[in-house]
Amino acid sequence: MSVFRICIAAVPLIAGGSTLEGAPSKGNPLDPGRLGSPGQQLEEPDGSKLARVRFIQSHAHGVGTGSSTLAAVFTIEDGWHLYWENPGDSGGPIVFDFDAPDGVTIGDPVFPTPARKVYSDRHVDYIYENDVVVFFPVDVDPDLRTAVTVTGTVDWLVCKDECYAGFAEVEFELSGETGMNGSVEYASETLVRWHERLASPVEEVSEIELSTSWVGDISLRIEVPGADRIVFYPGFSSQYVYPERMATAGVTESSYLLLSYNEYLHRAESITGIVEAHVDGEVHYISIRVSTPGNSDSESHTR
Amino acid sequence: MKFLTSKVRAVLAAGVLAVVGAGLVTSPVLADHHKSSDGMKAKVGQKAPDFTLTSVDGKSYTLSELTEDGKIVVLEWWNPKCPFVVKHHDTLSTMNDLSEKYAEKDVVWIAVNSTNSSHRDHGVDSDYIKKWDVDYPVLLDESGKVGKMYGAKTTPHMYIVDANGVLRYQGAIDSDRGPRAPRDASMVTNYVQQALDQIIAGETVTQPETQPYGCSVKYAS
Chain F
30 MSVFRICIAA
40 VPLIAGGSTL
50 EGAPSKGNPL
60 DPGRLGSPGQ
70 QLEEPDGSKL
80 ARVRFIQSHA
90 HGVGTGSSTL
100 AAVFTIEDGW
110 HLYWENPGDS
120 GGPIVFDFDA
130 PDGVTIGDPV
140 FPTPARKVYS
150 DRHVDYIYEN
160 DVVVFFPVDV
170 DPDLRTAVTV
180 TGTVDWLVCK
190 DECYAGFAEV
200 EFELSGETGM
210 NGSVEYASET
220 LVRWHERLAS
230 PVEEVSEIEL
240 STSWVGDISL
250 RIEVPGADRI
260 VFYPGFSSQY
270 VYPERMATAG
280 VTESSYLLLS
290 YNEYLHRAES
300 ITGIVEAHVD
310 GEVHYISIRV
320 STPGNSDSES
330 HTR
Chain U
133 MKFLTSKVRA
143 VLAAGVLAVV
153 GAGLVTSPVL
163 ADHHKSSDGM
173 KAKVGQKAPD
183 FTLTSVDGKS
193 YTLSELTEDG
203 KIVVLEWWNP
213 KCPFVVKHHD
223 TLSTMNDLSE
233 KYAEKDVVWI
243 AVNSTNSSHR
253 DHGVDSDYIK
263 KWDVDYPVLL
273 DESGKVGKMY
283 GAKTTPHMYI
293 VDANGVLRYQ
303 GAIDSDRGPR
313 APRDASMVTN
323 YVQQALDQII
333 AGETVTQPET
343 QPYGCSVKYA
353 S
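Going line by line, the protein sequences match chains F and U.
For what it's worth, the numbering used here labels the leading residue of the first sequence as 30, then goes sequentially.
For what it's worth, the numbering used here labels the leading residue of the second sequence as 133, then goes sequentially.
Same shape as in the complex, but just chain F (with noise of 0.2 angstroms):
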């Protein structure tokens, strides 16, 4: 397991004016399932509650270009999840909006691949259940002597049968030093784990074999040799260009994945979305970008 080394710059962060907490204790005093005394008012779940975040910084593991990384950890409570930057048929993404000081640059959130949770053949959306991690790249301006501190707001929606709104107005402080400021802690496992559901670009990829092809107009194969098992995660199309189905077609349990996409596909340049691919009893998280059909470089793509 790699140590993931980090500094603690971060403040916890102010939910609806109270203070954030360490995790949440187990079940929830909140669950509207739970049966309260005869003739007591149950209380309405707050979503603010029932998911938390606080941010990390670390100079130590890079997320894209960024020469350091800042981390949203969230913690969920039994029971409940949260949604991926597609969540799928319903749902709603977490939503991060920071106002950053000159000499500091966040770059856009990269999301570790979610877990499905299929409703029905027709309904699958794209979640996070107990913990998600959310990983930015950042640049401090080395010439910042001190920490300078980020304020922003994050919003999510938090469901189990039911949905609920969450929100935090945060302040965390980044530093462009390289040295550690205040204590130092080695890494979470939460951290670790949710870095290595990070999807790696394809191009990067050497350990498996993963190819690509459209077969007719609309049709994707995705085929990864050796594989027992493929899931596909569609990334968000601001043109609604998806794949159909995905409830059933998403998954198989063979070394091929064969996608039929929407009528909508020559509007996009190109698709994109994360293959989990499960080789030899190791897991791999890949994403790809293929070009649509009658655009360039849309032939075979092999890896």
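Do not rely on the hints blindly, as some may be mistaken.
[What the hints assert, rightly or not] Covered stretches of chain F, as calculated for chain U (at least 3 residues, CB under 8 angstroms): (1) 98-109; (2) 146-155; (3) 183-189; (4) 255-269.
These are computed hints drawn from the structure, not numbers from a lab.
Source: prediction; values computed, not measured.
Beta carbons are placed, not taken as given, at the ideal position from N, Cα and C, and that holds for glycine.
Place chain U on chain F using the hints.
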């Protein structure tokens, strides 16, 4: 055994008819259609599946009667306990504003609630209709038949049926996928408004389908 007298047969026949009639009144009436294996029939570019549902205040609404009247119909799948419905009715007044604006352009706005009767979110429509001053019908689809026919997945999930009865748009209300009001509203595209303007102008809807966002519709199964 005695033969049934004609009078008894008439009474029995009337009783059977009454039972059948009651069944038709209490369940959504589905116009005939080519059934797909999963029951979903709505497809953009094709005739929208017809239905009759009863509103919270007991009135009956039939889609085909509205379109035959020359109306464009906006269907808004709703659940007032969903944060995204709250966003567009309470934090913002997206739905009320649009329904009022387009009412003078022969657009009828209708909300449909497919929440099953066993769900925690069920049975609160009247409270929120009043609280949010909703001036258009909210139809009850507790069995979920109409919701499933349309493939409604979220609340809100929006559909637009033109005056020819053709489904012209399905998807999100707008491009802002967060549960709170956006920081900069000028960056948000309202897909329903865009589609309505294009339909009214006799133009092609340039974004006929978008990914809906919101809470899942609370079907019975």
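Now the hints, each set against the structure:
Restraint check on the region 98-109 of chain F versus chain U: 0 residues with Cβ-Cβ distances below 8 angstroms, three needed, restraint violated. Only when three residues or more bring their CB closer than 8 angstroms to a CB of chain U does the claim for the region 146-155 of chain F stand; here the count is 5, and the claim holds. For the region 183-189 of chain F, the stated coverage by chain U is satisfied: 4 residues place a CB nearer than 8 angstroms to a CB of that chain, which reaches the threshold of 3. Proximity of the region 255-269 of chain F to chain U, defined as three or more residues with a beta carbon under 8 angstroms from a beta carbon of that chain, is established by the 4 residues found.
The structure shown violates just one earlier hint, number 1.
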